[in-house]
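> Sequence:
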Amino acid sequence: MRDRYHNDLDQIVDRLLQLFGSVESAIGLATQALLEADHELADQVVMSDQATDALCREIESIAIELQMRQQPVAYDLRLLLTTQRIVADLERSGDLAKNIAKQARRRHPDHVVPEQMRGTVAAMGKAAEGLLNKAHLVFENEDAELARLLDAEDDYMDALHRELLAEVIGNSRTESVETAVDLTLIGRFYERFADHAVAIARQVVYLSTGELA
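Take 53 as the starting number for the sequence shown in this note's numbering and just add one per residue.
Hints in this document: simulated from the structure, not taken from any laboratory. Hints are supplied without guarantee of correctness; some may be wrong.
In silico EDC-like links for lysine to aspartate or glutamate, alpha-carbon gap of 20 Å or less [to be verified]: (1) 186 <-> 203; (2) 178 <-> 203; (3) 186 <-> 205; (4) 178 <-> 243; (5) 186 <-> 206; (6) 178 <-> 230; (7) 154 <-> 105; (8) 178 <-> 128; (9) 178 <-> 227; (10) 178 <-> 112; (11) 186 <-> 207; (12) 154 <-> 95; (13) 154 <-> 234; (14) 178 <-> 88; (15) 186 <-> 110; (16) 178 <-> 207; (17) 154 <-> 205; (18) 186 <-> 66; (19) 154 <-> 92; (20) 154 <-> 143; (21) 178 <-> 110; (22) 186 <-> 247; (23) 178 <-> 167; (24) 154 <-> 207; (25) 178 <-> 147; (26) 154 <-> 243; (27) 154 <-> 197; (28) 154 <-> 101; (29) 186 <-> 197; (30) 178 <-> 205; (31) 186 <-> 219; (32) 186 <-> 230; (33) 178 <-> 206.
Label pairs and their calculated CB-CB ranges [what the hints assert, rightly or not]: (34) 120 <-> 263: 19 to 29 Å; (35) 119 <-> 225: 52 to 62 Å; (36) 65 <-> 167: 42 to 52 Å; (37) 77 <-> 140: 44 to 54 Å.
By construction, the Cβ of each residue, glycine as well, lies at the ideal position given by its N, Cα and C atoms.
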């Protein structure tokens with residue numbers, strides 16, 4: 053019985069690492085679709101979110117069942133609680149990647165991002181993907197020290213967000229209102245994506261130390 057219990061815990065960790073990879077891929081592809089006005093790539097991101105949601109439900113189901121059946125304590129309980137919180141953050145992150153892809157799809161064949169702002173948006177996409185990759189490593193290695201460094205990288209994303217908003221305002225005379233609205237939304241999507249990565253890292257600090265970050 054205990055062997056099955058530990059196998060189930062291992063399965064949860066494996067599935068969660070798979071979920072990290074799926075969402076990392078989604079944000080990278082969504083950024084590419086956005087910058088290249090690639091309708092097919094945007095469709096791929098939107099459709100893949102269904103599999104991401106299904107994986108989230110599977111992980112949550114196993115975690116809840118183990119809590120009810122085994123009544124875990126100490127580290128095992130923290131792992132299950134942390135897993136459920138991380139799944140929620142990853143599910144929302146996947147939704148944000150999907151929203152970015154939808155922006156690219158909605159404006160196709162036109163580009164959502166004007167040429168003069170593509171550098172900033174590309175940097176935001178790279179920062180978002182990098183932050184989630186680090187959160188992935190934080191969880192996989194239970195690296196509380198790396199987790200604490202993500203706040204500084206989130207500050208970089210906030211700075212990029214401010215830069216994008218300044219560019220939107222500065223180009224308000226030459227760009228349409230629709231473009232301004234789209235870029236404001238896209239900036240917010242990336243900023244929120246980064247916030248979820250930081251939240252995941254803080255959950256790992258709790259998992260590792262039992263202390264709330």
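> None of the hints should be skipped; say for each whether it holds.
The hints, checked one at a time:
no., hint, result
1, 186 <-> 203, "holds (11 Å)"
2, 178 <-> 203, "holds (16 Å)"
3, 186 <-> 205, "holds (10 Å)"
4, 178 <-> 243, "holds (12 Å)"
5, 186 <-> 206, "holds (12 Å)"
6, 178 <-> 230, "violated (25 Å)"
7, 154 <-> 105, "holds (17 Å)"
8, 178 <-> 128, "violated (34 Å)"
9, 178 <-> 227, "violated (25 Å)"
10, 178 <-> 112, "violated (29 Å)"
11, 186 <-> 207, "holds (15 Å)"
12, 154 <-> 95, "holds (8 Å)"
13, 154 <-> 234, "holds (11 Å)"
14, 178 <-> 88, "holds (15 Å)"
15, 186 <-> 110, "violated (24 Å)"
16, 178 <-> 207, "holds (14 Å)"
17, 154 <-> 205, "violated (26 Å)"
18, 186 <-> 66, "holds (17 Å)"
19, 154 <-> 92, "holds (11 Å)"
20, 154 <-> 143, "holds (16 Å)"
21, 178 <-> 110, "violated (29 Å)"
22, 186 <-> 247, "holds (13 Å)"
23, 178 <-> 167, "holds (17 Å)"
24, 154 <-> 207, "violated (26 Å)"
25, 178 <-> 147, "holds (17 Å)"
26, 154 <-> 243, "holds (17 Å)"
27, 154 <-> 197, "violated (36 Å)"
28, 154 <-> 101, "holds (12 Å)"
29, 186 <-> 197, "holds (11 Å)"
30, 178 <-> 205, "holds (12 Å)"
31, 186 <-> 219, "violated (28 Å)"
32, 186 <-> 230, "violated (34 Å)"
33, 178 <-> 206, "holds (12 Å)"
34, 120 <-> 263: 19 to 29 Å, "holds (26 Å)"
35, 119 <-> 225: 52 to 62 Å, "holds (57 Å)"
36, 65 <-> 167: 42 to 52 Å, "holds (44 Å)"
37, 77 <-> 140: 44 to 54 Å, "violated (19 Å)"
The structure shown violates the earlier hints numbered 6, 8, 9, 10, 15, 17, 21, 24, 27, 31, 32, 37.
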